[in-house]
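*Asks:* Residue numbers (my numbering), protein chains in the order written: chain A, 1 to 355; chain B, 1 to 355; chain C, 1 to 355; chain D, 1 to 355.
A hint or two may mislead.
[To be verified] Keeping only pairs whose Cα atoms sit at most 25 Å apart, straight-line, the calculated BS3-like set for lysine-lysine is: (1) 309/A / 9/B; (2) 9/B / 345/B; (3) 309/C / 80/D; (4) 235/C / 80/C; (5) 80/D / 309/D; (6) 9/C / 309/C; (7) 235/C / 309/D; (8) 81/D / 2/D; (9) 309/B / 80/B; (10) 235/B / 235/A; (11) 9/A / 345/A; (12) 9/D / 235/D.
Note that these hints are calculated values from the structure, not bench results.
Spelled out, the chains give:
There are 4 protein chains.
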Amino acid sequence: MKAIVYHGKEDFRYEDTPDPRLESDSDAIVRVPRPAICGSDLHLWPGGLPEGIGAAGGFAVGHEFMGVVEEAGRGLRGVKKGDRVLTSCTVGCGSCALCRRGLYSGCQVMTGGGGAGNVFGFSTGLPGGQAEAVRVPFADTNLFQVPGHLSDEQALFLTDILPTGYMGSEMAEVGPGDTVVVFGCGPVGTFAQMSALLRGAARVVAVDLDDGRLERARQLGCEAVNPSRENLGQKVLDWTGGVGADAAIEAVGREDLIVQAAMVTRPGGRIAVIGVLTAPTANLPWFMIFLKNLSLRTGLVNPQVFIPKLMRLVESGRLDPTVIISHRLPLSEGPHGYEIFAGHKENALKVILRP
Amino acid sequence: MKAIVYHGKEDFRYEDTPDPRLESDSDAIVRVPRPAICGSDLHLWPGGLPEGIGAAGGFAVGHEFMGVVEEAGRGLRGVKKGDRVLTSCTVGCGSCALCRRGLYSGCQVMTGGGGAGNVFGFSTGLPGGQAEAVRVPFADTNLFQVPGHLSDEQALFLTDILPTGYMGSEMAEVGPGDTVVVFGCGPVGTFAQMSALLRGAARVVAVDLDDGRLERARQLGCEAVNPSRENLGQKVLDWTGGVGADAAIEAVGREDLIVQAAMVTRPGGRIAVIGVLTAPTANLPWFMIFLKNLSLRTGLVNPQVFIPKLMRLVESGRLDPTVIISHRLPLSEGPHGYEIFAGHKENALKVILRP
Amino acid sequence: MKAIVYHGKEDFRYEDTPDPRLESDSDAIVRVPRPAICGSDLHLWPGGLPEGIGAAGGFAVGHEFMGVVEEAGRGLRGVKKGDRVLTSCTVGCGSCALCRRGLYSGCQVMTGGGGAGNVFGFSTGLPGGQAEAVRVPFADTNLFQVPGHLSDEQALFLTDILPTGYMGSEMAEVGPGDTVVVFGCGPVGTFAQMSALLRGAARVVAVDLDDGRLERARQLGCEAVNPSRENLGQKVLDWTGGVGADAAIEAVGREDLIVQAAMVTRPGGRIAVIGVLTAPTANLPWFMIFLKNLSLRTGLVNPQVFIPKLMRLVESGRLDPTVIISHRLPLSEGPHGYEIFAGHKENALKVILRP
Amino acid sequence: MKAIVYHGKEDFRYEDTPDPRLESDSDAIVRVPRPAICGSDLHLWPGGLPEGIGAAGGFAVGHEFMGVVEEAGRGLRGVKKGDRVLTSCTVGCGSCALCRRGLYSGCQVMTGGGGAGNVFGFSTGLPGGQAEAVRVPFADTNLFQVPGHLSDEQALFLTDILPTGYMGSEMAEVGPGDTVVVFGCGPVGTFAQMSALLRGAARVVAVDLDDGRLERARQLGCEAVNPSRENLGQKVLDWTGGVGADAAIEAVGREDLIVQAAMVTRPGGRIAVIGVLTAPTANLPWFMIFLKNLSLRTGLVNPQVFIPKLMRLVESGRLDPTVIISHRLPLSEGPHGYEIFAGHKENALKVILRP
C-alpha cells in the first residue's frame, strides 16, 4: 500500500510500504480515509526526539486518523468489520496497572512503563496512519465508534489534538471565573483556548506573534496579545486587579515560555505545559515558582480518557473542531504538506490528507 | 424610613419602620437604591418556614439588594463611606469555625450553628433590604465592592440567586460533556441552566410547564421539555445513549421533583436540590437511590464564596444576569410586586424595586 | 457439586446443585476454598429485597469468596488456570459506558443499567460462591490475582465488605483532622472505622448497642458510644468544640440512623449510607439537611475500583481485615452459619466457610 | 529586650533589641516563652536567600514560636490579653484577594503579592520570635488559641514545620494505598513521612544518608533506604510491582533530589518539593517529566489553612510532633544552637529555646 514514510531529517516520502496485517486476536486493521498531519509529527522533521525516539526512520508516520474497520481480530468484543471508528493516538492495553489508572500513555505492555513507544508513527513497531491502512493493537480499548451524523472531519481531531488542548485546561485546573493565559495559537493552543472557555474561564488571553492567528483567537472569544508590541504582564495585571492569571497553558514547546507563564501567573496559580520541549532538560525559575506556590503539569495525552466527553460536546454542537483546518491535500502530496506546515508557509494551521 | 414590612400570611405593607443604625464597630449602613424580590421571600407569603422561621413578622423583608455605604463602623478595614457595594444574602462573622470553612450560612456567631437566622429579612434581628436603608453586620465579610462599569442591575443578582443557581451546578458537579436536567425555569433555575452551560455541559435539559419560560431556556442554549406533553425520561435516554443524565438540579422545591430527578439520572449521577422544600421532611425513593449510587446535596447558599468568581464572569460579559428581569416597580408598589410574583401574574419572573 | 442454596424465607439448604460451566470465552470457573457469609446475604433471610431481588430462590448464594481458577475461557488475557484469585462481588463487563466510568455495579451489559442483577448469589443467572465452584463472567475485569504471601483469609474480604466499608469513608470524604461518627460496629462498620482512621480522621466515634463490639472498636482506636446510656449528640459537640461531626457513616441500614447522622453532623458535613435499607423509600429530615448544607451519598460497592489500593494496604500490613472473623465452619454447616448470624447468636460477627 | 539578632553571614548574636509595640489596632504583642530554630532560619546562615531576602541583617530572627498575648490591639475580636496562642509563620491580612483564596503566603497587603516579606524574622519590618516578645500583625488571622491541655512543645511546631511537612503530603496528593518516597529525614521530612502515613499511604520510603535518622523513620513505620549503599530505584520498583512510586516528596532542597524524585516516580505520579532550593533556577529533566506525565508542586506554607486540622490531630493524640526535639537551650545560647544545627553537630535535629 501507499503511505508517507519517514527516512530521516526533513525527508518524508510518499511510497510503497507493506500492508498491515493482524498480529494478535485483539488487533484491528483500519482503512484510513482521513489522516491529518499533527504538530508532533513535526518533531521528526529535524531528526527525532530525545532518547532516540523516531531517529531510526523507515516507518509510516501519522498518529492522527480515523477510518473504517476492515478486519477485526477474533478476540474483540466491541469492534467489528465495517465500524466507522476513530483512534486514540496513544495505544494502551487497557488492563495493566497504568492503563487501569487511566495512564494509557505509560502502558506497561506497550512501552515497558517508560516512553513514547506507544504513539503511532514513531517506530517500525507501530507504523502510523498517514497510509491507506493501519494496524491498531488492543482495538477494544483504542478505537471509538463515530456516531453516524458526525462528519469525518468533525471526528478526526478527537484522536489527538482536541484531547491534548483540552488536557491543558484540565491540568491547569481551569474553572469558572478564571483568567487563563494560553501561549500559542496553533492547533493545540486553539483547542486549549476553546477548552478554557468551555470550562467557564472569565477571560482567556491568547498570546502569539502572528496577527492572523490572534484574530482567529479573538473571534473565538479570547483577548489577544501580541507580545512583540504589547506588554503581556501589564495587561494581565490590569485584567486581574493586579493579582495575575489564575492559570497558564504553554502550547508551543519552549522553555522561555514556561518562564513567562510563571511570571504572569498569580501566587497559587497552575501551569500546564502541553507544548513538547524537544530538549532533554529545562532550566526553570524555581525560586520564583516556590515563592508563588505554583504547580506545573505536563505529559502525553491519554485520549482514551477524554474522547467520550469531548465527543459528546462535538455531537451537541458546543465544540466545533473543524475551525482549525487550513489545507486539504491528497495523501500523495503529504510530503508537501509537511513542508508547508514545518516551514510556516501558506498560513498552514492544520493539514488534512485524503488517501 | 420607608420599607416593605411583613405582618403575617399574605400581608406585606409599605410603611414606616425605624432607621437602621450602627450597633457594632464592624457594622455598616447601606443606602439601598435597588432591591429585588426573591423567590425565597415568597416563603413568607403563606406564613413562614419550618422551625418558626419568619413567623413572627414585624420586620422589613428582602435579602437581595445592593447600594451605597452611608456609614461605616470604625472597625472596618475594607469598607468606607461612599463605596458602591453588594451584599451577601447570608451573613457570616468571617472568623468562626464554620465561616473559616466557607460555611457562612451556618455562622456560629449569627445563628448558633443552626438555622437561617442570618438571612436578611426573616426576623427583627436582621431586617431586610426592601427598604431605604439597611444595617449590614460584619461588613468587611459581607459587603463586596462593585466595579464602576457594572450597572446596579448587573450587580444586584450576585447577592443571592445567581450564586444559588451556580451553587446547583457545583453541588451537582457539572463538568465538560455532561448531560444535565434542570427542573424549573424560574430565576434560580435559569441561573442553574446558565451555570451548567458555563461549566461545559454538553446538553442542559430545561423542564417546566410554562412554554414561555421554556422558550427563554431554549434561547439560552438549552433543550426544553414540557412534561405535560413530552416523555422526559425517554428523551433523556435518547440524548444519552440509554445511560441517563449525569446530573440533575431541582430548582423548584418539590418532593416529587426530587423523585423525578432520581429517575432521570444515571447510575453514579449527582443531584443538587436548590429549590427550598417548605415541609420538615421528604420521602425519597431510597432503594433506587442506593441501586443507582446517587449523591444528593442541598443547602443554603454562601454567596461570600461565589461572588468573586461570578463577578468576574459578569464583568467579562460571559454571564448576563439581567435576562431574568420582568418588572421594575417603585418601592412603594412592593406589596403589588409580591402579589403578582406569588400569584404567577403578568408573567412575573423577577421584580426589581426602586426606593 | 455441593452448595448453600436459597429456597425462600429463612430457608437455606446445603445440597446438590449443577456444576458451573463456561458460557462465554470471557468466563472463568473458580474452585472456591473459602467463601464467607456477608451481611447482605442476610437480606434474603426475610425473603429478598425490594423490586423482587432474590425473591425467586433456587440458586446458590454467596458473593464473598476467593479461590483458584479451574478453567479459563479462551478470550482471557490476564487470567489462567491455577491462578489464585479473588472476585469482585459486583460483576461488570469492563467496557460499557458505566463500567468505563468505574460504575461496575451499574454495568449495562449485566443489569441493563438498573439493578442488582450483577451481584453473585441473588438469582439463577449468577449463582453464588458458597459452593464448591462458581462461574465468573468477564473474568479479566472481575478477578484479581492474590499475591502469594497473602493468606486466603487476608484476601477474602477484599471481595465485598472491606471495599464497602472503605467506600463509606470515601463517600463521606473523610480527611485528616476530621471527626467521624460511624453508626454500627458490625463487619462493615468496623471496616468503615478502620478506613476513617486510615484516611487521617482525628477522632472516629463508634456507635453500637453491643458493648462487646464497642470494646473492639475502642481497641482499633475509636471513641465508643452506647446510645442506650450515653448522649451521643452531646459527646460529639464536646469533642468538636460545639461544631458537630465533619462526617457520618451509617453502616446498619436503618432510616432512623440516617436521621441521627444528620443530627450529629455539622453544617457542611457529609453523610455516607453504606447500610442497606430494605424498604423502597425513606423519610428524611430534609429541612434540617437543607439548613445544614449536608451531602448524602449511598450505593452498591464497585470493588473493582478499590481492590488494588486496599490490597496494597493489606500487603504492607497497614490493614488487617481478619480481625472480624468470629466463626470458621465447614460449608456443610452453612445453614447453621446463617442462623447464628441472622439471629445474632454466639457473638457471630463474621462466619467463614470451608468447602 | 533580649533576642537573637542576625548580623550577616554566620553571625547570630544574643543581644538587646527594641521592645515591640502595637503599630495598628489589629496587632498583638506576644510574650514568647518557647521559640524554636527552624531549618529555614538556616537559609540566613550563608547570607540570605535569592532576591536579597534577609541579606540586610539587623533584625531578630525566628518564625517558629508560641506564647501568651501581652497586649491586644483594640480592633481585635478573637484575641485578648492572656490568651495562650501559637502563630502562623507566614503573616496574612486575611481579606485581600490572595488571603481569601487561602494563599496567605502571597498576601497582597504584606508582600505586594510577590515575595517572602511576610515571614517573621527575615527583615526589620517583621522581626522574629527568637526574642522575649514579638509583634504579630493582623492577629485575628495569624494567632490561634492553644487548648489548655496541650503543652507548649506539642503546640509549637504547628507554626511552621508540621504544616510544611503536611503540605508536602497534600501537594503530592498522597492517598490510601500509595507508595511515597520522602527524600530527607530532617524535621520537615519526618513530618512529611508522618503525614503520608496519616493520609493512608501503604508504604512510605524514607531516604537519607544518616543511619540514625533512618532508624527513627523506621520506628515511625517507614521503609528506610540509605542510597549510599542501597539501590533506591530498584527497591521502589520491587515494592511497586515494577510501576514506581505514586508520589515523592523532596524535603531537603536540592536540585539533584528533584531529579531523583522524577526517576523513582511512576507515570502519572506527583512530586512535591517542600525543601527550599536557594538558587534562583533549577535544571529539571523535563523530557522525562513529560513522558511520565508528572506534576510538580512547591511553595511557601500557609499554616493558617492547616493549623486547625493539624491541631485536632495533635489534640486527639494521632500526631505527636515532639518526637523531633533533640535539644533544649536557653535563649541566650541561641547562637550556639545555630552553630550545632547548621554544622550538623551533636545529632541536632530540632533545637528549642527558652527565654
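*Asks:* Which hint numbers doesn't this structure obey?
*Replies:* 1, 3, 4, 6, 10 and 12
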